[in-house]
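Residue numbers (the working numbering), protein chains in the order written: chain A, 1 to 374; chain B, 1 to 262; chain C, 1 to 300; chain D, 1 to 406.
No lab work stands behind these hints, which were simulated from the structure alone.
One or more hints might be untrue.
Covered stretches of chain C (in silico footprint by chain A; criterion: 3 or more residues with CB under 8 Å from a CB of chain A, positions within the stretch not fixed) [claimed, not checked]: (1) 50-60; (2) 177-183.
The calculated lysine-lysine pairs, modelled on DSBU-like cross-linking and capped at a C-alpha distance of 30 Å, are [claimed, not checked]: (3) A:K288 - D:K33; (4) A:K288 - A:K120; (5) A:K219 - A:K31; (6) B:K218 - B:K31; (7) D:K10 - A:K293; (8) A:K295 - A:K154; (9) A:K165 - A:K195; (10) A:K165 - A:K120; (11) A:K31 - A:K288; (12) C:K184 - C:K174; (13) A:K31 - A:K352; (14) C:K294 - C:K174; (15) D:K10 - A:K268; (16) D:K10 - A:K295; (17) D:K33 - A:K58.
Here a beta-carbon is modelled for each residue, glycine too, at the ideal position from N, C-alpha and C.
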Amino acid sequence: MSHAHFFLIGLATLILSVGATGTAPASETIKIGVAGAHSGDLAPYGLPSLKAVQLVVKEINDQGGIHGLPVELLVEDDGCKPELATNSATKLVSSGVRAVIGHICSGATKAALPIYHAAKVLVISPSATAPSLNQDGEYPFFFRTIATDDIQAKTQVDFALQTLKAGKIAVLHDKGDYGKGLAEHAQSLIEQSGKAQMVLFEGITPGAVDYSAVVQKIKRSEAEALLFGGYHPEASKLVSQMRQKRITIPLVSDDGIKNDTFIKLAGKDAEGVYATGPADVASNPATKLYREKYKQIEGTDPGAFFNNAVAAALALTNALAKAMSADAEAVAHVLRTEKVATPFGPITFDAKGDPVGIGFSLYQVNNGQFVQIR
Amino acid sequence: MHPLLTVSGLTMDFGGIRALDQVDLRILPEKIVALIGPNGAGKTTLFNCLTGMYRPTGGHMALTPPGLPERRLHGLPPYRITAAGLARTFQNIRLFPNMTVLENVMVGRHCRTTAKVFGAIFRPAATVREEQETVDRCLALLERIGLVDQANEYAQNLPYGAQRRLEIARALATSPKLLLLDEPAAGMNPQETVELENLILSIREDGLSILLIEHDMKLVMRLSDHIFVMDYGRMIAEGTPDEVRRHPAVIRAYLGEVEADA
Amino acid sequence: MEYFFELLFSGLTRGSIYALIALGYTMVYGIIGLINFAHGEMFMIGAFTALIASSVLSIYHLPLPAILVLAGLAAAVWAGAYGFTVERLAYRPLRGAPRLAPLISAIGMSIFLQNYVLLAQTADFVPFPSLIPEFAFLEPYSAIINSSSLTILAVSTLVMTALTLLILYTRTGKAMRATAQDQKMALLVGINVDRIISFTFVTGSALAAIGGLLIASHIGQINFAIGFIAGIKAFTAAVLGGIGSIPGAVLGSFILGLTEAFATGYISSDYEDLFAFALLVLILIFRPAGLLGKATAEKV
Amino acid sequence: MKSPPMLTNKDVRHAVLTGFWFMFLTFPLLVIKVNPTEQTVTWRWANMLWVGGVSAVIALACRLVATRRAGRAELLRQMPAQTTHELHPFALPSRDRLIPLFGVIALFFIVFPFVFSAYQVNIMTTALMYVILGLGLNIVVGFAGLLNLGYVAFYAVGAYTYGLLHFHFGLGFWAALPIGGLLGALFGVMLGFPVLRLRGDYLAIVTLGFGEIIRLILENWREFSQGPSGIANIARPGLFGIDMSLEHSLVYQYYLTIAIALLTIFVVNRLRDSRIGRAWFALREDDIACQAMGIDTTAAKLTAFALGAAWAGMAGVLFAAKTTFINPASFTFMESAIILCIVVLGGMGSIIGVVAAALILMLLPEYLRAVAEYRMLAFGAILVVMMIVRPRGLTSQTRRIYHLPH
């Protein structure tokens, strides 16, 4: 036999063995998928969610599982890319998951939803905020434990107009799915209000080495407040460079920066920065419990969307238990009708699948901590 | 008889250096013409201008195949000059090393064939015929240079002398009227040189003219119908081998100024 | 007018950041004609090493200047070691291989090193201490320039000068030029080509590491992906200036930095990268070998 | 026959030194982990021992392989010259010997959806799309030797062609497929014109820039492309208006992709052995000689760009139909780099090599899921190792063999 045969047969074996890894043996567990960005540059937003779900599920399994059945997690990395998300979704569906917690990015979620929908798999996203995901009621089994962009943008804009009384507002975003969506909502809200003038609307490049040019532009625009849609790395760079250039206007940003990493990154410049986030959770026992657990294991504070993912996991497992069935419609019914205790307090879901009970409040960094002010 | 190639006042400047200075050249049909001169005289530069590799600073070049109207060459890109009937080989062999011997020659047929993308994909009868004709012609050329048995070898695996011959075959595949050979005998053993000589003579039999740059003076004197001599970018002499051999300027150029001063 | 100067300095800061990385690209390319995609990772590794070193040292309450110097040294040493190892493992076995093989090897190395740091350290952004002290004399101009920008600007100028001198006037420099021209000939005249190439990689990586320290200190945070993004820009700058040319890399970097700053300032930062790449395409159309690259007519 | 090669003391010493070197090298990053805000340091000495041990063992193994190989080469040198053929372990045998093997592979691909889950089918469809992309880029890089680092731009053009045409005019997959191909080709020519004069690495960076420009436009020009929020609900490919379940639709897409991949193989194969294919190879091998042989290099380059881009455009349409949602995040430089890796790994210009490389590179990360978080690390390492072991790619490129009249 020639070497070429070896080579081609080797290839065939490789393909076959890849095929084999996917077919897991059937066993008596409740399978739940966890999908999101666990590698690549968006991993910081996906990994905390994964950890959160793992913590919750471990606790449930330690207590004997759901009706005696242990919960098994199937983890899929989609890198926040739509095409990978569809692959992850098909994989989860074909491995027989009952429900999925994910995906992290709106784009990936959008791409994956039709596949889950076709298989009647229930989906709870901890972080996909695009309002368009469930607007037309197309996906009755889609839920999320985060309020949508339009609500968040409204909180921000109301605050900037009414409390800060800013007459000129600059709006920046990170050109991403989440940040730009939010910024666009803010833009239209400012224009509708007629109370303030939007003096700047621009995207900054994530990962750029320096933002001083755009900072100078903010200064020149004479904005009285800056709204930023995006995540903590860009926000912290932006605010540090603004303060260096002695620009003291308030920065109002979003849930994507409302985490400890932002405060660590921006250091003293973080002081006074406003961010929207779910109503105060710090005193909630569930929040404390899981954050403590995370800290014990990882040694650091949990990152973005951790609470949302805990909430998603709690809501889902609770509904699975109460529905006495893994049927998507029964589970969805429980989610819509019964309140469940989460880090955000008791929540339930409306007809579209958006959470009732996770509203947005405003926080300000005070002495190295986000403190609720409104 | 009207000359096949007419070059007048050809000038080539590189920055401030004048590599060719008002060069005139006339080549009659079916002649073997040699271009000689010391190293750096501008011979290869002249080749590069003739084939369009360099764009001359000034002067005229024209090709007039017998029975056809005159064709202006200066300012044309290389591929159009080749299409007009001028083909060349290179001093430092430039074959396509990772293509087979046969394919190397087939590339030479490019400008005489017409198959386009459509033809390549759908292979209509016309394309199949054209391909077959190309293969036949090229195999015939390989037969002629004695490489037909190596047709499916990669060109890079050929011995040196065979590579030189292959370059000539590839140039001939373009159906030229005038063949430019840049030091075809360089690095060849006496046996190979004799074969080359016969090949060149047989090419003339086919009705082509040949312009060759060569340092092997014995070969040049034996083969050439006419010789041009260059030095410092100028044409310093021309004539039959005998005339050139006795030309004082040639002697001076080759033996150096020492003798002239003495 | 003040706005113009503000943008000018902003562009110069960006430009000098690119320059520190671009110099390494251009050195390696000049010597072995390889687009070293892993060069950006040297910058990232340097920054992480500096972070680790400075954190460990600050526990012992060393004074800031001492920490800066020691962290810089550690960054340079280890990034140099990584550069050396990467060349030995991924590029040296491929000398004489088809031209694209080392390029793919470099892309593989880049993916490997990024994920290595991700796994060994963290996926999230980590705050980087500002190791560069605030200069008191800059206080009045704080709206325009701060001490880290000035330091980066000064260091990149210094490094460019030093490199130019090294290449023009030292024995090693001569050997480098000879190697760049013709490796076989250099070997024949008794130059240890392997050592020269290793030297180039070590120097280039160490420079990138110093750059990593300064830049991380300027932007205040790092993660495993910073090298890749900055690397692509720096490479663009090196090509813009004519790759292989040391002053070209610096010129290209400043042009790129200024273009981005002015595009942001006068048009929109939405399109700053677009302008940068459009400029690159335009310049290469009119000067196919870059601004200071020598357009060598191919010998026929 | 000599005794099997032994490891000498020197080899062992070398291995130990290598171990120490890597312990030094990885010391700051692997051993120390700091928390800069809380000023705490974690020391992970166990990592150091691992690194030292593993790298020493690998070094020893490499030495062993090298000595073995040297021994074998020595052995071969003593044997008659004709056996040198054996030195190329992956040199392809003649066509008729491959036919039964191709039969097996064909059967495998035909029954695949019936044996494996929808997920496996989906992954295979993705891999086959990369076969198409790889073969398309192979025209530009492998055949014509024009290094293109922005190939993903044409992929994006195709995807957005279908996305936008569907969104605005409700155009179906089959209508969009040729339009995507044509627009891809048009953009290929658009890129081709300005870069005609550029060589090698300058060409690489300009194409990289072009790829980024396309992505940036898609990201920022909201009115045109809906920006980063992308275009959703793109229709999957239809089949005479039959309503299909998702499962069936995936299987249908799988066969559809196989069909287009086969078409690609067929066309690319014919192109390679044609007048134009020869002109591209000549261009790649030596552009000066190529011009001297009467080839219009401008036309040859533009044709290569256009045809290569056309395949990317069609693959883009397929992609949009498969994911039903597109946004600019799918069209980054990394994507171009992966496609280029497929071409180089396969062996520039070799069709079967590119097909094999595409399947391996696309399935590998799936296969590596067993090592979950280490998979991208392993992917990078494998690229490096593959290049060192086989710098010319998996298959030595094959040129057409003509039958000689004898």
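Hints, verified against the model:
1. Interface restraint, the stretch 50-60 of chain C with chain A: violated (0 residues with C-beta to C-beta distance below 8 Å; minimum three).
2. Coverage of the stretch 177-183 of chain C by chain A is violated [criterion: at least 3 residues with CB-CB distance below 8 Å; count 0].
3. A C-alpha spacing of about 26 Å is found between K288 of chain A and K33 of chain D, which places the hinted pair at or below 30 Å, so the restraint holds.
4. For a cut-off of 30 Å, the pair hint linking K288 of chain A to K120 of chain A is broken: about 34 Å separates their Cα positions.
5. Proximity of K219 of chain A to K31 of chain A is assessed by CA-CA distance (about 53 Å); at most 30 Å being required, the pair is judged violated.
6. This hinted pair checks out: K218 of chain B and K31 of chain B have alpha carbons roughly 18 Å apart, not beyond 30 Å.
7. Among the hinted pairs, K10 of chain D with K293 of chain A is inconsistent with the structure: their alpha-carbon atoms are about 52 Å apart, more than 30 Å.
8. Taken as a hint, the K295 of chain A and K154 of chain A pair is broken in the structure, with Cα atoms around 33 Å apart against an allowance of 30 Å.
9. Pair hint K165 of chain A plus K195 of chain A holds up; C-alpha atoms about 9 Å apart against a cutoff of 30 Å.
10. The hinted pair formed by K165 of chain A and K120 of chain A fails the criterion: a straight-line CA distance of about 48 Å is larger than 30 Å.
11. Between K31 of chain A and K288 of chain A the CA atoms are separated by roughly 27 Å; this keeps the pair inside 30 Å, and the hint holds.
12. With a C-alpha separation of about 15 Å, the suggested pair K184 of chain C and K174 of chain C falls inside the 30 Å cut-off, and the hint holds.
13. A C-alpha spacing of about 25 Å is found between K31 of chain A and K352 of chain A, which places the hinted pair at or below 30 Å, so the restraint holds.
14. For a cut-off of 30 Å, the pair hint linking K294 of chain C to K174 of chain C stands: about 19 Å separates their Cα positions.
15. Using a Cα cut-off of 30 Å, the hinted pair K10 of chain D and K268 of chain A is violated, with the two alpha carbons roughly 57 Å apart.
16. This hinted pair does not check out: K10 of chain D and K295 of chain A have alpha carbons roughly 49 Å apart, beyond 30 Å.
17. Annotation: proposed proximity of K33 of chain D to K58 of chain A holds, straight-line Cα distance about 27 Å (limit 30 Å).
Going through the hint list in order, the structure does not satisfy hints 1, 2, 4, 5, 7, 8, 10, 15 and 16.
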